[in-house]
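**Student:** Start from the sequences, fold in the hints, and give me the full structure.
Residue numbers (the numbering used here): 1 to 231.
Simulated from the structure, these hints should not be mistaken for lab results.
Yeah, the Cβ is synthetic: ideal placement off N, Cα and C, and Gly gets one too.
Among the clues, some could well be false.
What the hints assert, rightly or not - Estimated spans, in silico, between C-beta atoms of each pair:
| id | residue 1 | residue 2 | range |
| --- | --- | --- | --- |
| 1 | G190 | R221 | 20 to 26 Å |
| 2 | G34 | D76 | 26 to 32 Å |
| 3 | G34 | A8 | 38 to 44 Å |
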Amino acid sequence: MIRIHFTADDLARVRFAPRPSPVPELHAALMMLGSPEPLFGRWRHRLLRSLPRTVEPLADLAPGGVAPAFLDVLGDTPDEGFTLIRSARPEFVRAGIEQVYATRPAPPWIRALYTGDVDAWRTLGRAQRSAYQSVLAPVWPLVQDLHRAEFARYALTVTEQGLGPALTALAPGSRLRDGVWEWPLPGVPGVREIRLGGRGLILRPTFHWRRGPLVQDQPDRPAALAYPAGT
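**Tutor:** In structure tokens form, the structure reads like this:
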């Protein structure tokens, strides 16, 4: 379960992303490539056969199917998102890598990212751009259209029913109670507590992920929650 704690200020700072962000949508798609989700079976088979070899280093960044937090950036264009990733603080990059490689050593080129190695960052940038062109660029106009439809659906629910029903409508089975949005995750043990503390929350639909919410929770930034669209 995820429990998101709102203050009164947070409830006034909930907003729906006006446009899709290509970098987190790309990372959701890449994680789904490694998932057994049957809904994406034909899509996964087609992409795995056609991905260029330049994309392969990205598999090292998510050895357990979860990417390090320094990749969690927004941005209206791929270049804007990739620039935000490159500008991440070295200690933040290191913490993210050590978290996903908690039980085994990271590959040398991955460790080189948090030392600022130019070749390592060039490898990452080349892999990300190649992945975007192969996975998302062909369908990006459709993603934009779907995002606008989700935006309209959310706005209509807020107008007719209020913020609480609009939030819980994004996640069947969730509830907003005493300022806490509780989102059950069947089959996932434990409870993740997220305290917004006045930072607010950005809502963003994702169209390449079906396994519950993806939450970006970085200090001194609004939290961002990506939910599987159309649930």
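**Student:** Does the hinted range 38 to 44 Å hold for G34 and A8 at CB?
**Tutor:** holds, 40 Å
**Student:** Is the gap between the beta carbons of G190 and R221 within 20 to 26 Å?
**Tutor:** At roughly 24 Å between Cβ atoms, R221 and G190 fall inside 20 to 26 Å, so the hint holds.
**Student:** Does the Cβ distance between G34 and D76 fall inside 26 to 32 Å?
**Tutor:** About 27 Å separates the Cβ atoms of G34 and D76, which means 26 to 32 Å holds.
The structure fails none of the hints (numbered hints given earlier).
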